Amino acid sequence: MALRLDYFFRETLQGLKRNGLIAFAAVSTSFIALFLVGSTLLVSSEVNLLIDFTTRDVEVSVFLQKNVSPAEQQHLSQVLSAMPEVKSVSYESPEDAYRHFQEIFKDQKNLVQNVGPDALPASFQVKLKNPEEFGVVAARLASQPGIDKIRDNRQILKRLFAVIHVFRVGVLAVALIMLISAAALIGNTVRMAVFARRKEIGIMRLVGATNWHIRVPFLIEGLIEGLIGAGGAILGLFIMKVAFIDPLRGQLGFFPLVGTPHIISVIPWLIVLSLIVSSLASLIAMRRFLEV
Amino acid sequence: MIKLDNVTKVYKESVVALEDVSLEIGKGEFVFVVGLSGSGKSTLIRLLMKEEEPTNGEIYVAGKNIAKLSPWKVPYLRRNIGTVFQDFKLLPDRTVFDNVGFALDVIGKPRHVIEQRVPEICGVVGLGDKLKNYPDELSGGEQQRVSIARAFVNRPLILMADEPTGNLDPSTSVDIMKLLDRINRTGTTVIMATHDNAIVDAMRRRVIELDCGRVVRDQARGVYGYGA
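The listed protein sequences derive, respectively, from chains A and B.
Per my numbering, the first sequence starts with residue 2, numbered consecutively.
Per my numbering, the second sequence starts with residue 67, numbered consecutively.
Derived by calculation from the structure, the hints in this document are not laboratory data.
All figures in this text were calculated on a predicted structure; none of them were measured in a lab.
Backbone N, C-alpha and C fix where the C-beta goes; we use that ideal spot for every residue, glycine too.
Hints are supplied without guarantee of correctness; some may be wrong.
Claimed, not checked - Derived Cβ-Cβ restraints for the label pairs, each shown as a range:
hint: 1; chain 1: A; residue 1: Gly260; chain 2: B; residue 2: Lys139; range: 54 to 60 Å
hint: 2; chain 1: B; residue 1: Lys198; chain 2: A; residue 2: Ile265; range: 38 to 44 Å
hint: 3; chain 1: B; residue 1: Glu119; chain 2: A; residue 2: Leu236; range: 49 to 55 Å
hint: 4; chain 1: A; residue 1: Phe25; chain 2: B; residue 2: Asp235; range: 45 to 51 Å
hint: 5; chain 1: B; residue 1: Lys198; chain 2: A; residue 2: Lys18; range: 21 to 27 Å
hint: 6; chain 1: A; residue 1: Val243; chain 2: B; residue 2: Lys198; range: 51 to 57 Å
hint: 7; chain 1: A; residue 1: Leu284; chain 2: B; residue 2: Arg270; range: 48 to 54 Å
hint: 8; chain 1: B; residue 1: Ser205; chain 2: A; residue 2: Lys18; range: 55 to 61 Å
hint: 9; chain 1: A; residue 1: Lys18; chain 2: B; residue 2: Leu135; range: 47 to 53 Å
Please work from the sequences and hints to get the whole structure.
In structure tokens form, the structure reads like this:
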């Protein structure tokens, strides 16, 4: 059978024109759903960026006791350096720690005034070859003298990220509900289009049009609605970036923020998702009406 | 061309539309199917189109057993059968050209074939000057000509007409019959369900009479009723 593109697009365009309002509802619902999915994906990227950023320098802090002797300190340094899991070790004296502290909290004068240089312990800042091996390193250090506390910095962040994760799941759930309603609305527009053209369809069947020939214009109609929604969602993500994320970029200084490359990496997901949802919706909607 | 072997069609387990019908229609024949409303004429046509499945029996169309036809092949069966109805079934928002071209358009025929064949067939049915008119600008007889043109534009082997003159006055009906006769002379098998006795009597063709789903008469060069 010859492919007649002009035929399919003419029929599709007529269908879209004929029930504009419901088509608009379907487009806007799929827009909201895909925008939420896109936002969730961007939040995930942001979380990954934060994890990378915060764990890039220090993965494990080994805090030393106040009264640690220079010999013990020396010994610990050697033990740490000798471990195969360890990539690098650096010593942070109480003075270094205090300077670091002043730097971080320079806007909070009260806090800085109330903490003296002695309040902060000395520590070894350890980078691991594989951050997952924290347990091995911690177990081996446990028996060493002079250690006050061993902290897995990733562990602390993980707790924060667990909260973000719950938030993400919530947004994703809302997005899922929106996707289902988008599918229902797209299915509904397709059904209306089929109903509006039932006379044509009857004649098409009579003169021997194949089922796919009858279906394709309606399928394209559904796909276009989904794709317009996806296009809107992508545009929305870029607008959100320009309006809300870009202004923050200067102010948070060291804080990494998602940018254009992240949005671009989300685009194929949104397009694929919109195609799957709208084609499924259209095909299911047509099943009942287009049986031989 | 068409063969029915002991075909029975029962709707919802109680209404018997056709009962044990066997008949054969050869290539190029012109056959009237007559009978009262509810005698099974329309059911017969629907079975031949495979719009319905027979409850029992075998149906052969163009050498194929259509009971065993898989659903995706049904459209190709229908391309061999043109159909004309009492109510014309034209699309009111399309011109004569587009209504006739629609039949070629939806089976994927290229544009240049449509441009060539539609004016040609419209000329044959006598509507060569009405290509750009809409159905509501035409008389009943002209509308039926459009629907015949649409049924015939794809050169089917069989033309089935279900009460094609049911909505037309007698003189217009005669014109339509002349057109169907002309189509029959091109070698197309024509099956026409009707209860227009004047036409049947005038044409003197094969008559198959159905009554309550049974064939009660099958007569070459017949008339509408006994002793008419």
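So, going through the hints one by one against the coordinates:
1. Under the hint 54 to 60 Å, the C-beta atoms of A:Gly260 and B:Lys139, about 56 Å apart, fit the expected range.
2. The hinted range of 38 to 44 Å is not satisfied by B:Lys198 and A:Ile265, whose Cβ atoms lie roughly 51 Å apart.
3. Range check, B:Glu119 to A:Leu236: about 52 Å between beta-carbon atoms, so the 49 to 55 Å window is met.
4. For the pair A:Phe25 and B:Asp235, the supplied restraint of 45 to 51 Å holds, since their beta-carbon distance comes to about 48 Å.
5. Look at B:Lys198 against A:Lys18: about 22 Å separates their beta carbons, and that is inside 21 to 27 Å.
6. A:Val243 and B:Lys198 have their C-beta atoms about 53 Å apart, which keeps the hinted 51 to 57 Å range intact.
7. The supplied range of 48 to 54 Å is met by A:Leu284 and B:Arg270, whose beta-carbon atoms lie about 52 Å from each other.
8. Between B:Ser205 and A:Lys18 the Cβ separation comes to about 31 Å, which falls outside the hinted range of 55 to 61 Å.
9. The hint said 47 to 53 Å for the Cβ distance between A:Lys18 and B:Leu135, and at roughly 37 Å that hint is violated.
The structure is inconsistent with the numbered hints 2, 8, 9, although it conforms to all the rest.
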